[in-house]
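Taken in sequence, the protein lines are chains A and B. Following the UniProt record's numbering, the numbering of the first sequence begins with 1 at its first residue and continues without gaps. Following the UniProt record's numbering, the numbering of the second sequence begins with 1 at its first residue and continues without gaps.
Hints are supplied without guarantee of correctness; some may be wrong.
Which copy is meant is left open, because identical chains are indistinguishable; a pair holds if it fits in one copy or across any two.
[To be verified] Cut-off 20 Å, straight-line C-alpha distance, at most; resulting in silico cross-link-like pairs (SDA-like, lysine to any residue):
#, residue 1, residue 2
1, 341, 68
2, 341, 242
3, 153, 32
4, 153, 252
5, 153, 65
6, 341, 325
7, 341, 5
The set of hints was computed from the structure by calculation and includes no laboratory data. Keep in mind that this is a model prediction, so the values were computed, not measured.
There are 2 protein chains.
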Amino acid sequence: MLAPGATIGILGGGQLARMLATAGARLGLKSHVFSPVADDPAFDVCAARTIADFHDEAALADFAEAVEVVTYEFENVPARTAQILEAHRPVRPNPRALALTQDRLIEKQFVQSLGIATADFADVEDAGALARAVARLGRNSILKTRRLGYDGKGQAQLRDGADLAALFRALGGAPCILESFVPFAKEVSVVAARGSDGQFRAYDLCENTHEHHILATTEAPANVAPETARAAIDVARRIAEAADYVGVIAVEMFVVVEEAREAILVNEIAPRVHNSGHWTLDGAVTSQFEQHMRAVAGWPLGSTRRHGNRVLMRNLIGDDVNAWPALAGDEGACLHLYGKKETRPGRKMGHVTRIL
Amino acid sequence: MLAPGATIGILGGGQLARMLATAGARLGLKSHVFSPVADDPAFDVCAARTIADFHDEAALADFAEAVEVVTYEFENVPARTAQILEAHRPVRPNPRALALTQDRLIEKQFVQSLGIATADFADVEDAGALARAVARLGRNSILKTRRLGYDGKGQAQLRDGADLAALFRALGGAPCILESFVPFAKEVSVVAARGSDGQFRAYDLCENTHEHHILATTEAPANVAPETARAAIDVARRIAEAADYVGVIAVEMFVVVEEAREAILVNEIAPRVHNSGHWTLDGAVTSQFEQHMRAVAGWPLGSTRRHGNRVLMRNLIGDDVNAWPALAGDEGACLHLYGKKETRPGRKMGHVTRIL
């Protein structure tokens, strides 16, 4: 257990790092934020800062020496960055978990190796492989780059008659994965944590809606059968244990209804705190941010108990944030603004939580 | 209304400033902390810092120019400091409220001028005045310096046979006030806020216990008759309105039972967030810290609704904080540590909240 006063290094300086840093401060833990972007929002709330590129090896080594443990707010940490840091300090979640979730093909293979269902998929190395994959999975499929995709970036829905080679080129000719479209009834996610001693705790299963491939709303608990919620949480637990995971993990899943029964398919794993867990800041005894800092610091996990009957979270994307004066005066709305200087379409600017 | 991205200046860098700064960050507001103590805990979580003496006029002027509005975490801001700052920027709560609460005599006269009851008291300018005051109020009284007292410092209980002149000298010969001891049934406090538009919102009345003159525990709501709670909150509202107050105010009161009915006497006013409101961080929709930042920034006030049936807060004073590993593992205990480097007897190191 790191003692209060210890410093946790955080890679990335966005809103997740910002909320991690303030949650750490509640526990008496200091945060040292490393980001290449000088006006990143996390720099406003941290005890120490490094403004440097993720490939700046000297800066990484100095950063690692200045902290007790390293964590990150985003999964696209370059492998070499993680390697350099790990030579100095523990990196949590471990770089294997990071590698697993950076590549959609490896992630899906890992999940299936645990006996957990996913959408059907095929490895697409080149345009020829795409044609063969479409022959097997059909046109009701989505082509995604294996690496570096988020919020709908790096993916394309197949259309009847589309030129497959052109589609592959449009995604940059990078290695891809073709996934069958899942006719889901709901999108849900498990936000959970695993401690350094193997303790596992999940929040209530969340139900999510997306707009333009970006999370729009989360509701907890999800409106599914109790056995579906239990099964979803068990899936997250098995994934975390298999990856020897330490920290908060989010597992996005589809709920499909087959013969009037709900079944679960894993869609994506995020090795970090997650937008669908933001409701826990106001709506649970321990927020996902504090939970992550506890796990990373080797502390026991906190209670995941929910306040109220239901908790609703709505993202403020792009211009949505201009409604802040009305939201500030909206009785019972817990408003969170991320301190970003510039509002851009599709940019996450804040969120609002309501406890019902 | 200050827009998100604006900077609020905070005088003082202790745990109250630290929790104000993190609460402001939730709303997208930056904090600039001014304190003479370089390793003060609030410096770990603020966007900008000034380490300078409260009498450093040039530093104060620079600080004021760098922020939109100034607030403070402690009532003993020197009058000249407030004056210099007010020449540049709004100071909230206003310096008149600050002056009122810096002097126990002026404070009690102000409260009584509103028709609100306090303990009987007498002005004690010198040892001769002390003898006359004791003749009037009796020996069951407490002698307190008019200024700069806190946590039992600057006060002395009168004993039978005590040498009054020696007692007066022991408090430094400073102007004092003699207060009748109040045979109270309970100590309670109202933590409330008044917005820049006059909007007033109170949290549930809190019931407090003290040990060695320092707050030990707070429970919300207080176990008093509903009409007593309503009367207490009305007293706080009248005080805030009379002082044209903006921000969070705490009014400590005694509950006395006369002929089986509860009555209220005002003991002390704190023109700031208050230890007896710390439970709101975990136990209310809007924390007292966010509420203060909202008021100071000219925003509407947030909901003061409580979570759960009861909320308990216990301070970690001095060595109490050494229990942190057990508290970290105590299911449902919300642990707060203030990041102070040195543990000293009587020093507030953290607190624990439980929602029942």
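Hints, one by one, checked against the model:
| no. | hint | verdict |
| --- | --- | --- |
| 1 | 341 with 68 | between (31 Å within a copy, 17 Å between copies) |
| 2 | 341 with 242 | neither (40 Å within a copy, 39 Å between copies) |
| 3 | 153 with 32 | neither (29 Å within a copy, 38 Å between copies) |
| 4 | 153 with 252 | within (17 Å within a copy, 56 Å between copies) |
| 5 | 153 with 65 | neither (35 Å within a copy, 43 Å between copies) |
| 6 | 341 with 325 | within (17 Å within a copy, 39 Å between copies) |
| 7 | 341 with 5 | between (30 Å within a copy, 7 Å between copies) |
The structure fails hints 2, 3, 5 (numbered hints given earlier, in ascending order).
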